[in-house]
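J.: Next come the chains, spelled out residue by residue.
Protein chains: 4
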Amino acid sequence: MSYEGFTRSLLSTIKNFNLFRDKSSFKGIGKLDLPCSVIWGTSDETVPFEGHKEMQKDVENLFIQNDKLLGPPNLVIYNPSARVRGGIAEVDPVETQKAINITCFGAFLCAQQAATRMLKRGSGSIFFTGASAGVKGYPKSSVFAMGKFGLRGLAQALARELHPQNIHIGHFVIDGGIHADHRPERKDPGDDSMLDPDAIAETYLQFHRQDRSSWAWEIELRPWVETF
Amino acid sequence: MSYEGFTRSLLSTIKNFNLFRDKSSFKGIGKLDLPCSVIWGTSDETVPFEGHKEMQKDVENLFIQNDKLLGPPNLVIYNPSARVRGGIAEVDPVETQKAINITCFGAFLCAQQAATRMLKRGSGSIFFTGASAGVKGYPKSSVFAMGKFGLRGLAQALARELHPQNIHIGHFVIDGGIHADHRPERKDPGDDSMLDPDAIAETYLQFHRQDRSSWAWEIELRPWVETF
Amino acid sequence: MSYEGFTRSLLSTIKNFNLFRDKSSFKGIGKLDLPCSVIWGTSDETVPFEGHKEMQKDVENLFIQNDKLLGPPNLVIYNPSARVRGGIAEVDPVETQKAINITCFGAFLCAQQAATRMLKRGSGSIFFTGASAGVKGYPKSSVFAMGKFGLRGLAQALARELHPQNIHIGHFVIDGGIHADHRPERKDPGDDSMLDPDAIAETYLQFHRQDRSSWAWEIELRPWVETF
Amino acid sequence: MSYEGFTRSLLSTIKNFNLFRDKSSFKGIGKLDLPCSVIWGTSDETVPFEGHKEMQKDVENLFIQNDKLLGPPNLVIYNPSARVRGGIAEVDPVETQKAINITCFGAFLCAQQAATRMLKRGSGSIFFTGASAGVKGYPKSSVFAMGKFGLRGLAQALARELHPQNIHIGHFVIDGGIHADHRPERKDPGDDSMLDPDAIAETYLQFHRQDRSSWAWEIELRPWVETF
Chain A
1 MSYEGFTRSL
11 LSTIKNFNLF
21 RDKSSFKGIG
31 KLDLPCSVIW
41 GTSDETVPFE
51 GHKEMQKDVE
61 NLFIQNDKLL
71 GPPNLVIYNP
81 SARVRGGIAE
91 VDPVETQKAI
101 NITCFGAFLC
111 AQQAATRMLK
121 RGSGSIFFTG
131 ASAGVKGYPK
141 SSVFAMGKFG
151 LRGLAQALAR
161 ELHPQNIHIG
171 HFVIDGGIHA
181 DHRPERKDPG
191 DDSMLDPDAI
201 AETYLQFHRQ
211 DRSSWAWEIE
221 LRPWVETF
Chain B
1 MSYEGFTRSL
11 LSTIKNFNLF
21 RDKSSFKGIG
31 KLDLPCSVIW
41 GTSDETVPFE
51 GHKEMQKDVE
61 NLFIQNDKLL
71 GPPNLVIYNP
81 SARVRGGIAE
91 VDPVETQKAI
101 NITCFGAFLC
111 AQQAATRMLK
121 RGSGSIFFTG
131 ASAGVKGYPK
141 SSVFAMGKFG
151 LRGLAQALAR
161 ELHPQNIHIG
171 HFVIDGGIHA
181 DHRPERKDPG
191 DDSMLDPDAI
201 AETYLQFHRQ
211 DRSSWAWEIE
221 LRPWVETF
Chain C
1 MSYEGFTRSL
11 LSTIKNFNLF
21 RDKSSFKGIG
31 KLDLPCSVIW
41 GTSDETVPFE
51 GHKEMQKDVE
61 NLFIQNDKLL
71 GPPNLVIYNP
81 SARVRGGIAE
91 VDPVETQKAI
101 NITCFGAFLC
111 AQQAATRMLK
121 RGSGSIFFTG
131 ASAGVKGYPK
141 SSVFAMGKFG
151 LRGLAQALAR
161 ELHPQNIHIG
171 HFVIDGGIHA
181 DHRPERKDPG
191 DDSMLDPDAI
201 AETYLQFHRQ
211 DRSSWAWEIE
221 LRPWVETF
Chain D
1 MSYEGFTRSL
11 LSTIKNFNLF
21 RDKSSFKGIG
31 KLDLPCSVIW
41 GTSDETVPFE
51 GHKEMQKDVE
61 NLFIQNDKLL
71 GPPNLVIYNP
81 SARVRGGIAE
91 VDPVETQKAI
101 NITCFGAFLC
111 AQQAATRMLK
121 RGSGSIFFTG
131 ASAGVKGYPK
141 SSVFAMGKFG
151 LRGLAQALAR
161 ELHPQNIHIG
171 HFVIDGGIHA
181 DHRPERKDPG
191 DDSMLDPDAI
201 AETYLQFHRQ
211 DRSSWAWEIE
221 LRPWVETF
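Residue numbers (our numbering), protein chains in the order written: chain A, 1 to 228; chain B, 1 to 228; chain C, 1 to 228; chain D, 1 to 228.
Because the hints were derived from the structure by calculation, they are not lab data.
Any given hint could be a false lead.
Each pair may be met inside one copy or between any two copies, as identical chains are not told apart.
To be verified - The calculated EDC-like cross-link candidates involving lysine to aspartate or glutamate, where the alpha carbons are at most 16 Å apart (straight line), are:
#1 K120 with D192
#2 K187 with D198
#3 K140 with D92
#4 K140 with E95
#5 K140 with D188
#6 K120 with E185
#7 K140 with E90
Remember, predicted model here, so these are calculated numbers, not experimental data.
Just chain A, same shape as in the assembly (with noise of 0.2 Å):
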C-alpha cells in the first residue's frame, strides 16, 4: 500500500475488517493542490484521478468515475481543510476564499454526490474531519473557524436530513497533532501525547459499524495529556 499517515490508518483499518474494496486520493480539485480522502469498495487500488479547473466538475468527475469501477460508495470521508493564519487586518482575501472553498464547500459537493449515490440505494456513511477550531473560534485563526465551523453546521443538519432516510453522519472533532511517520515534525513521542492515526481510524470505523438504533453524529478525540 502506498498511502502514509492518517490514509493508510484508515485504509488499513478498514481493510482488517474486511468491509471495502476501494479508496481514491486526489490531488488539484480546482487546482488547489490538496488530496481527498474518498473511500469505498474493499480493495485500496488507487483510482487515478487528474484536477479539473473548476471543484464542483471536479468532484462530479472524480463520483462518475468511481461508479464505473466500483459502484456506489459505502462510506465517503472528507478530510481536507486549509487553514490561513494571521490577524484579521493581515489574511489575504484570496487565500481565505480558497480555504473556505477547501474546507466546507468541498465537503457540501463530496456529500452531495455521496448522498444522491446512498438515497439511491437506501443506505451508507458519510464522514467529515472536523477540528476544535470547529467548535472553538481561536483568536488569529478567523479563516479556520470559518472553513471548520461551517463544516460542522454541514455535518449537524445533514445528520438531521439523512438519518432518518438511513445514511450515516459522522463528524470527529480531531483536537491535537496526528502524528506521521513519514513527517519528521510529526514523529510519534512515544507518550501517546500525539493522536495515533489508526486509534482515529479504528473510531471512525467504529461509527461505520453501529447499530442504527443508537447512532452518534459526532464525537471528539484528543490526547489523554490534551488541555481543553
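Dock chains B, C and D against the given chain A, drawing on the hints supplied.
T.: This is chains B, C and D only, laid out in the frame that chain A set:
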C-alpha cells in the same frame, strides 16, 4: 428617512441616542443584489454605492468611499444572508457557493475593512446578524447551516482576537420572524409573536454601549412564544 | 443605602429607573450563612429575615413575609453560590452537598416560590447569576461545575416552560472577577479588567425591560481583556 | 446471569471481551431504592449489598466491600437517575432534592471512591450515563435538567482533571428509549426506533478500550429516526 424594516429600526434607535452620523445601504455587492448595512457617522445620509464585479473590490470601495465622507466607522453591522432551501441532493452548487459568500465570506470582507480602520484608531464595534441556523443545523437547510455556522465561527474568533484590542464584537442569534410593515406577509401580528425590529435594534445599541468591563459577544433573541 | 458591591449596584440601577420598590437580602437560609438577593417593589427597605432550620421552609417564609409587605414580586434574582475547590479525591462530601444546595437547589426553591406568584399574576422576571463554571467544567472544580451546570439546566428548562406564560427567565454567565470597593483584594484596578458591578446590573435591568417580542434567556459577560 | 436490560447488556458485552471480572448491582443507597451499577473484575458474581441510612456511607461501604473481594476497579459506570415531572409550581421540593441526589450527587460519591482507588493505581475508567436532558432543558422537566446538567458538569470537570492522570472519563448522552424485553412497554419494536442496550454497551466498551492518544469524553447516541 427612506429606509424600512429592521434597517430603519437600527437607524432610528441609533439616532435617538445621538451616537452616530450616517449609514450606507448598498445593493449589488459583487452583483449579489442583496442589501448590506454599514453604519457609521451620526446622521443618516445615504452613501450612494454602485456594485462592482468582484465582491472583495466592492467592499473595499465602499469603505474607501465612506472614509472620505465620514471618516473611520464607530459601528459596522453586517446583516446580509442568503439561504438555499432543499435536501442535499436537490440544491444547486452554484447557488450554494453564492449563499456561503453572502452569508459568511462577505461578513469576513466587511469585518476586515472595519477592523483595519478600528485597529488604527483603537476602538469600534463590529456586529453580525446571525440566526438560529448558526447554532442548530436543520434538515433541508444544510446550505444556510454552512453560512451561519461559519459566520458564528468568524464572530467568535474575532471576539477572542479583537476584544483585548478594544474592538467589540457582537453576534446576534435572531430566532423567529421579524415583522416588517412594508411586507404584507410580515405584518405585525399584534401579539408579540414576531420580533419587533425596534426591539432588536435596541439590543444592538445596548451592546454597542456596554461598558468594556462587562462585554458580551453573543445573545439569542426570540419571541416569548417561540419554541426552541 | 446599606448594601455594598453587586447588590448595591443592582438596587441603584433599578432605583434610577423607578421600576421597583423593595429588596430583601437575607442570611442564614437553612443556616447556610450566605446572602440571597430577592428584589421587588420600588424602594430599598430591608425586609428583616431570620433563618430557619430548613432551607425549604426558609425560602417559603421569606416569600410569605414579603407578600404581606410588598405583594407579588416583579423581579426575583438568585445570586448565591458556593464552591469547594480541590481534586475529586480531596473534597469533603458534606461540603459538596451543601455547595450544590446553595448554588442550585436554593435557586430552584426561590424560582418555585417566585413562579407560583408570577403565574397567578401573569407576569414577572426570574434571573439567575451563573458563572463560566456553568458552561465549562474546570479541573479541580468539579463541585462548582455540578452546581453551576445544574443552575443553567434549571434556567434553560424554565425559559422553555415559562416564557410562553409571560414570565421572563435570565441566566447571566459572569466570567471574571467583579470589583467591590469594600473588599481590599477586589479594588477596582482602573483598567476595566474586572467587571464593574454597575455594568452587570445594567444588563440585568436591560433584560428585565426587554420587549417580549425579543427575549433573550442568557448572556455571557466578561472584561474586554479576559481570556476565554 | 440474572441481570436484565441495559445492565445485562453491559455485562454480556464486557464478558465477551474478557476484560472484567465482576459487577455489583445494589439497591437502597441511602434508602433511595434505585439500582446503581458499578462494574469491575472479570466475572459476573454479585456482590451482596445492604443499604445504609446515608448515601455517602453506603457508597463508601460498597467500595470497601468490593476492595476485599475484587481489588481496585478498572471501570466504574454510574447509571442511576431520577426525574420528577411537572411544572415548576407543582413539583415537590423534597422529591426534587432526592432526584438531584440520585442523578448527580450519587455520581459524585461513586466517582470520588473510584478516583481515589484509580489514582493510587494510576489507571481506570469512570463512565456516567447521561441523557438529552443534560444538554437541553425541556419544559416541565426542570428537576431532571438540574440533575443531568449537573452530572455533565461533573463529568466534564473530571475529564479535564483526571485525563492527564491516566483516568478516562466518559459521559454518554442517551437520547431515546432503550428497549428492555422484561418490560412490556419497552419491547423491541423491531425497526431500530428504540436504542438496543447491547449497542449502547458496545459503545461503552469501545470508550474503555480507546487508545489514550485519542480519548473522547462524550458521545450522543440516538436511534436513526429520533428527532433532535
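J.: Next step is simple, just say for each hint if it's right about the structure.
T.: Status of the hints after comparison with the structure:
1. K120 with D192: Answer is neither: 42 Å inside a copy and 21 Å across each miss the 16 Å cutoff.
2. K187 with D198: So K187 and D198 pass the 16 Å test inside one copy only (14 Å; across, 38 Å).
3. K140 with D92: This pair counts as within: shortest intra-copy Cα distance 13 Å, inter-copy 33 Å.
4. K140 with E95: Close inside one copy (15 Å), not across copies (30 Å); limit 16 Å.
5. K140 with D188: neither (28 Å within a copy, 30 Å between copies)
6. K120 with E185: Answer is neither: 44 Å inside a copy and 35 Å across each miss the 16 Å cutoff.
7. K140 with E90: Within one copy only: 9 Å inside, 36 Å across.
Checked against the numbered hints above, the structure breaks hints 1, 5 and 6 and satisfies the rest.
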